[in-house]
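The lines below spell out each chain.
Number of protein chains: 2
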Amino acid sequence: LVLLVSALLVGFLSVIFTLIWVLHYREGLGWDGGALEFNWHPVLLVTGFIFIQGIAIIVYRLPWTWKCSKLLMKSIHAGLNTIAAILAIIALVAVFDYHNVRNIPNMYSLHSWVGLTAVILYFLQLVLGFLIFLLPWAPLSLRAVVMPIHVYSGLLLFATVIATSLMGLTEKLFFVLTNPAYSTFPPEGVFTNTLGLLILLFGALILWIATR
Amino acid sequence: LVLLVSALLVGFLSVIFTLIWVLHYREGLGWDGGALEFNWHPVLLVTGFIFIQGIAIIVYRLPWTWKCSKLLMKSIHAGLNTIAAILAIIALVAVFDYHNVRNIPNMYSLHSWVGLTAVILYFLQLVLGFLIFLLPWAPLSLRAVVMPIHVYSGLLLFATVIATSLMGLTEKLFFVLTNPAYSTFPPEGVFTNTLGLLILLFGALILWIATR
Ligand code: HEM
Ligand code: HEM
Ligand code: HEM
Ligand code: HEM
Ligand SMILES: O=C1O[C@H]([C@@H](O)CO)C(O)=C1O
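As you go down the protein sequences, you meet chains A and B in turn.
Under this note's numbering, think of the first position of the first sequence as 168, with each following residue one higher.
Under this note's numbering, think of the first position of the second sequence as 168, with each following residue one higher.
These are computed hints drawn from the structure, not numbers from a lab.
Repeated chains share a single entry, so a pair holds when one copy, or any two copies, can fit it.
With a straight-line cut-off of 25 Å between C-alpha atoms, the simulated SDA-like cross-links for lysine to any residue are:
{"hint": "1", "residue 1": "237", "residue 2": "252"}
{"hint": "2", "residue 1": "339", "residue 2": "180"}
{"hint": "3", "residue 1": "241", "residue 2": "321"}
{"hint": "4", "residue 1": "339", "residue 2": "354"}
{"hint": "5", "residue 1": "339", "residue 2": "364"}
{"hint": "6", "residue 1": "339", "residue 2": "274"}
Let's have the full structure, built from the sequences with the hints guiding it.
Here is the structure:
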């Protein structure tokens, strides 16, 4: 229980830090084809793809779900993962649109290659999850065979998304922290490094809870 | 067995790609306080901290160790992890020395914060491993309690090191690929993005093998 509460707290703090970052240190949020629109990218990914996905993964371990039926639990798990997927898509639309308006090429960075792969495999995981574990027609034997793969690929995707977000933060900080430079320890750099550590800690807590 | 061979192959390929990268696209290797010295940083980390650590993690699963005694297996596991730790330290000396010669501040980036934390915790894991699992005095009950923590923290550190290397690659590519820019898909960028995907695939294979 202490673990669950700390995970929720650290995850919540990561979302708050991301919001403070874009609203206080960056330009804020908007849908203008410029920096305001780009800023939805980190906000939606940390909120949706990291925080909500993390909760979806441990939802079977939350005490208040123990009194729910298995079907209800599965629906919550599937529903949260669906919300996370939708927010991730909007986050990608934001950054592609920003790149197109500014005539910046798409999909050149390692961050974008790993990130897009993760989003596509996440959708595959979601569709397979629905087909095999929610719809009633899959035989139990199929479910039993697929379950270890589902758990492994779910946790691997979650870890990959965390790694992607750390790459994205790194890129963005080197882009925008030029004067004063990132290397001179400006408050924004220290603040955002702390955000990176929080995201990593959230990931570590979720993985610990999910593997107990 | 197919999995083991693929993991070894992908890991080996990652090391080769790193060497091709620094020898062909970058300046090569040397200990001159300049770029040649920096280049030891990625080479030693991909070779030692990623490849050797990965092998150390799955050493208990290799068929040729099944005929060895448990003590011999533990010694190989501990020995490989010790080599990985030493290579990581030399890699850190290389980059700190490079920064000092060039008057670049140390420890400002998220990459360096996560990386140094991982190296320190790795040493802790190593020392605790020796004390609890190799020296004969620890009671079996203590070993049984610590083992799940040892496995979790070992796998988490491995994943964190992979994430750190992807951040490091990202940084380096934005530093050096200015003309032509990283965003114009120069061969070095595409080659090194592929290296990043190989490292990630190696990590995924090791984690799959270690959790079967
Ligand atoms: C967590 C999951 C994330 C995923 C799946 C992801 C995915 C992507 C993708 C696919 C692109 C390419 C867009 C294009 O080429 O038009 C991109 C770009 C970018 N992302 Fe993310 N991102 C994530 C998190 C973040 C975070 C937290 C940041 C922090 C600010 C960030 C910063 C950037 C930046 C600066 C770019 C533009 C440069 C580039 O193309 O690499 N990303 N992201
Ligand atoms: C991309 C979306 C998804 C991801 C990342 C994901 C990930 C995971 C993970 C990591 C676990 C292990 C949780 C634990 O051990 O506590 C899990 C369990 C499970 N998931 Fe998913 N999942 C996804 C979608 C779905 C969908 C759509 C369904 C359909 C209902 C589903 C059904 C299940 C079931 C039945 C379990 C086993 C729960 C148990 O331990 O009894 N998943 N999932
Ligand atoms: C895999 C484990 C890795 C660890 C633990 C690690 C650790 C570190 C540390 C602690 C620093 C700070 C040095 C200082 O401030 O003087 C650093 C710097 C650096 N590393 Fe790594 N590194 C890793 C992998 C890589 C890789 C694969 C690259 C790819 C080229 C890389 C590129 C860099 C760069 C460019 C710097 C200088 C900029 C900065 O301080 O962030 N690193 N690394
Ligand atoms: C930083 C160094 C270390 C790391 C990252 C590490 C990591 C790991 C990991 C991930 C596993 C699980 C492997 C699997 O399930 O196949 C493991 C198992 C184990 N480790 Fe370590 N380890 C380290 C150091 C040590 C040391 C110094 C010892 C002392 C001998 C040790 C003893 C063991 C033992 C006895 C097992 C259980 C093997 C079994 O499944 O029977 N480890 N280690
Ligand atoms: O939640 C479930 O767990 C089982 C099975 O996959 C476990 O092996 C199953 O069929 C579900 O729908």
